[in-house]
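A.B. asks: Going by full-length UniProt numbering, the first residue of the sequence shown is number 1, and it counts up by one from there.
Everything labelled a hint here was simulated from the structure, so no lab data went into it.
Among the clues, some could well be false.
Said to hold, decoys possible - Pairs of lysine to any residue, SDA-like flavour, derived with a Cα cap of 20 Å: (1) Lys715 x Ser686; (2) Lys1088 x Tyr1016; (3) Lys1088 x Gly1048; (4) Lys806 x Phe532; (5) Lys1104 x Thr529; (6) Lys1125 x Arg509; (7) Lys828 x Val808; (8) Lys1104 x Gln1123; (9) Lys712 x Lys891; (10) Lys832 x Lys806; (11) Lys483 x Cys520; (12) Lys1087 x Ser1044; (13) Lys483 x Ser466; (14) Lys712 x Ser684; (15) Lys483 x Arg511; (16) Lys1125 x Gly432; (17) Lys918 x Gln1121; (18) Lys1125 x Thr430; (19) Lys469 x Ile856; (20) Lys595 x Leu622; (21) Lys806 x Arg788; (22) Lys1125 x Tyr800; (23) Lys1087 x Gly1048; (24) Lys891 x Asp959; (25) Lys1104 x Glu1008; (26) Lys828 x Ile856; (27) Lys1104 x Asp367; (28) Lys715 x Gln735; (29) Lys469 x Ser493; (30) Lys1104 x His1011; (31) Lys664 x Pro537; (32) Lys1087 x Ser971; (33) Lys918 x Arg1120; (34) Lys832 x His554; (35) Lys1088 x Ser1007; (36) Lys469 x Phe532; (37) Lys918 x Asp959; (38) Lys828 x Asp799; (39) Lys918 x Ser684; (40) Lys891 x Glu702.
Since this is a predicted model, take the numbers as computed values, not measurements.
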Amino acid sequence: MASSSPSRPPPPFAPQNPTQAPGPLAGPFSNMQLSRPGAAAPPFAGGPPGSGPAPASAIRAPQGAPPPGARPFPGSPPPPSQPPPPFAQPGAPLQQQQQSPPPFGGPPPALASHTQPQPQQPAFSGPPSGPPPQVQRAPFGGPPPGVSQQSPPFGRPPSGVSQQPPPFGGPPASAAASRPAPFSGPPAVVSQPPQPAAVLQRSLFGGPPAVVSAQLPPIGRGSFTAAQAPLFVGPPGSVPQTAPTGGLRPPFVGPSAPSQQVQFGAPPPFSGPSAVRPGSQPPPFGASQAPPFMGPTGGNAPTFAPPAWQGQARPGAVPGGMQPSMRMPGMPGAMPPNALGQGMSPASTPTMPYSPHAQVSTPSKIDPHQIPRPIPETSVIIFETRQGGQAAIPPAASSEFIVKDTGNCNPRLMRCTMNQIPCTGDLLTTSGMPLALLVQPFALPHPSEEPIQLVDFGEMGPIRCSRCKAYINPFMRFIDQGKHFICNLCGFSNDTPREYFCNLGPDGRRRDADERPELCRGSVEFVATKEFLVRDPMPAVYFFLIDVSMNAVHTGATAAACSAISQALSDLPEGPRTMVGIATFDSAIHFYSLKRAQQQPLMLIVPDVQDVYTPLQTDLILPISECRENLEQLLESIPIMFENNRVADSAFGAAMKASFLAMKSTGGKLLVFQSVLPSLGIGSLSAREAEGRSNISTGDKEAHKLLQPVDKTLKTMALEFAEYQVCVDMFLSTQSYVDIASISVVPNTTGGRVYYYYPFSALSDPAKLYNDLRWNISRPQGFEAVMRVRCSQGLQVQDYFGNFCKRVPTDIDLPAVDSDKAIMVTFKHDDKLQENSECAFQCALLYTTVFGQRRIRVINLSLSCTNMLSNLFRYADLETQFTYVVKQAAKGIPSLPLSQVRDQVTSTCINILQSYRKYCASVSSSGQLILPEALKLLPLYTLALTKSVGLRNDGRLDDRSYWASIVSSISVLLAIPLVFPRMIALHDLTSREDDDSLIPSPLTLNSENIHDDGVYLLENGEDGFIYVGNSVNPVTLERIFGVSSLAGVPNQLVLEPFDNELSRKVNEVVNEIRRQRCSYLRLRLCKKGDPSGDFFRSLLVEDKAPGGLSYVEFLVHVHRQIQSKMT
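Using the sequences and the hints given, assemble the complete structure.
C.D. replies: In structure tokens:
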């Protein structure tokens, strides 16, 4: 077995055979071949499943201990001299300390030629040399050591299934050695008449076909073979981490410029007593500790958390958690004594020069260096979800934190827009803020967090309220010596089942409460009983549908899709329940029978694209263990078979419908690879882009209608797909308009998503296509899910937003749900809530694991109620509120003119700030713009949203439709960077002082930070834009790009590693960002003086742009509007 060192396993990014010549796609993507220290067990690597159900009273496993160096929340920084253990769970028996390969986000496939067998590569199977051995973690979604293990929904297949996956990037060594020779000829084709008829079956290769369809393209050989997929960059937490010294490394380290750091002071007086609970706010910033998983060479092991754009109040800004307002006073004469620039003490309120009269229009009155901006977080937070019997205020979603579930759920799973709930609807309306939950049921946990525990009540099933059907949770109160319990949602008194009875302790709690996860944890998973089964759990079905029309073949999209699928087969769940099927389409539909009994696959052609059908009732979808060899041969052959295809039409809708008919009895995932506008058969479309461009350029108020679906054909089809539990994911590799507004209806309705590669490049985009596909099928996910959110009396669910199908008002159907999908749930008052009581929310998700187990994931959140408007602002969650605003804007794009959507976004910001100014701020001078501390970045984010791809006037229709599509299901974690990107300087990575952090502190998004001799990376989680100035040192260009002149840098950028320190650091930064964002980050080159350079500068949201204000001007505009409303 290959190894990079005799004393440790091979580095995760080392090629399987470093001496072998790379394959066709290896060169462009070999930047991922980085050597790092040995790896520890990844977060999803679970132990073998148990053999029996978990008892009803399971012993609670101890909380996962964070490594020293991670400070508690609240608390003080730890001593830096204490070496931490690796991420582990203390208290587990020694025999559980075993290693297993990561099923999700593991090491990338090697970039070796697929035509030669490769040595087996260990998948993080051994602990690093030096640190203590890893304690085995429970599988994702499964119980910790204290609860009996069920077959895990994610992480490991059931017992008896082979546990050792093959090296990513191809089949196992044995399969590679025994792979048959490439195909030598065309498949036998059987033209299918509309009516059932005898199917003429011939061998796919070796002789002329018996019946050749008229639609079959000419057959010819080509030079393109199934190429090697590039290396994959896994999700946060999916890459193992080692821990030589120090504490957790934060995503950003390094001091901010003093001139740009706003000091926080005491708040203005509020009416009423403070509701701040001791310890509910983060402690002051502490010095970050040395990274536990990065050696002295600066390897690129990831941190879990994405960059900490500190959107909420800076932790520890004010002792006791009081959040002050931020003031921007008027002329110097009107400043309070402790204004900025006048010797302000740490306890004073920050102020900013600003004129209320004629000088208001003079931006120079505001110091650009003192206005609010995101502050990178520099430390890890230990967060207990409840403290002192009350809900603790969660840290910012973008910060790095480790959660200890003490009653409320992990905020990654569910967050509220405000952490205290208004008692009345009038109070909520007065605040101007939304009341909503962002629910992400399968959000990835931090590697050191304890997994959600599994509880099995046997045939009795989980305990529920007999009136509202809420599930048992820590907030249900037991009375009458435990004989009854009161539902925390509806208040009904229920009888305690005899099998579940337990006496109460002196504190009124059940004596076994701490031993039962359902009574002490905010998140828990129950084994579903027969009453939750409408049919047998569906198998894990993956059906691949590939566009082979002329444009798809000529651009390389077909070959890239076949290569990506072939490489990703190794990442499908193991076991007999995993099934696959495949079809191709142009103006006709081509199914393939992959039975092992056949020497070669059989092609079956369906020419009728108006009234489609499936040519066979069986053999189109088979267990992968029975057809993998034939499938890999077919994928290698498809680009050659259709190389000379001259059919330009696409029967996209008909192909989807026919594939659905093949999957109708099983359900599953339909993965569609599409390249051109659908032009034939069901769901055919016409090009609307030219009409749209004309309307937009002339200011037509009806232009937004071109962002609506053409008709209801695809929507009707999508509803049928969802009814039979078929989820559709679309991979659009195109160089032209494809009407995403119409075709995105299908994935948005079935729980899938759109992946968009425009303009598709056969050189640079196969890497992202492969990685997107690999993560799509390997991330934590469930099938045939139903979700319902319940809330306390006094509130009711108003609406749901996301990618799902909704048939009844109370539930949403999700044919598939995964770790990247988030659902927004809005609420309204139907009665008054009691002050100082708690309002409870419960999300229940019934789903099937990839291994066929039916589970119920229950997520609980209980928050205090308040009658004080000031408390709503003090405990507001900026990131969640802004995600709500982004989703509402995306919802309005197809139905309103863009100018009106932008006005609504701006009005939301102004109304919130005006309410705070009017009712909560004590300052009487109208010349001061006062921002609540928790929402001080709301104007900046609002400005960025109005300049985003979705809301700007220029741009393509497909770009805007794609933006709206991904926003529909985006999480809190990724919503901010999507509209407010991060920019870093690449040219000086070797000279910066904060060398202990992999990614440098971000630059302010304005042109003052862009110099003509610099190279900059701006990333939004989807794309990375590399801007190169005209005067960059040729030595710098040579080190980063391998060329000495700007003209030599190719527009289709593929970042390659070179043997120098700067290149190594640039590649480490890019790879780290890819891990943080759970996305491969498609790189684009931008040069000054051409349209790409202009586009880059348009992303600098603080600058003035055509039709858009600068940040300073926008603050002036917001202040004027508030003044107008006040008068």
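A.B. asks: Given the hinted pair Lys469 and Ile856, is their alpha-carbon gap at most 20 Å?
C.D. replies: This hinted pair holds, its Cα atoms lying about 13 Å apart.
A.B. asks: When you check the alpha-carbon spacing of Lys832 and Lys806, does it fall within 20 Å?
C.D. replies: Violated: Lys832 and Lys806 sit about 29 Å apart, past 20 Å.
A.B. asks: Does Ser1044 sit within 20 Å of Lys1087, going by the straight-line distance between their CA atoms?
C.D. replies: holds, 15 Å
A.B. asks: For the pair supplied as a hint, Lys828 and Ile856, confirm whether the alpha-carbon distance does not exceed 20 Å.
C.D. replies: Answer violated: Lys828 to Ile856 is near 26 Å, above 20 Å.
A.B. asks: Please work out if Lys1125 and Tyr800 have their alpha carbons no farther apart than 20 Å.
C.D. replies: Status violated; Cα separation ~32 Å.
A.B. asks: Sort out whether Lys891 lies within 20 Å of Lys712, counting only the CA atoms.
C.D. replies: Roughly 18 Å between the alpha carbons, so the hint for Lys712 and Lys891 holds.
A.B. asks: Are the Cα atoms of Lys806 and Phe532 separated by 20 Å or less?
C.D. replies: holds, 19 Å
A.B. asks: Check whether the Cα positions of Lys1088 and Tyr1016 lie no farther apart than 20 Å.
C.D. replies: holds, 12 Å
A.B. asks: With a cut-off of 20 Å on the C-alpha distance, tell me whether Lys469 and Phe532 pass.
C.D. replies: holds, 13 Å
A.B. asks: Has the given pair, Lys918 with Arg1120, been kept, meaning a C-alpha gap of at most 20 Å?
C.D. replies: Holds, at about 14 Å.
A.B. asks: Going straight from one Cα to the other, do Lys483 and Cys520 come out at no more than 20 Å?
C.D. replies: Holds. Lys483 to Cys520 sits at ~19 Å (cutoff 20 Å).
A.B. asks: Does Gly1048 lie within 20 Å of Lys1087 when you go C-alpha to C-alpha?
C.D. replies: holds, 12 Å
The structure fails to meet hints 5, 6, 8, 10, 22, 26, 28, 32, 34, 37 and 39 from the earlier list, while all remaining hints are met.
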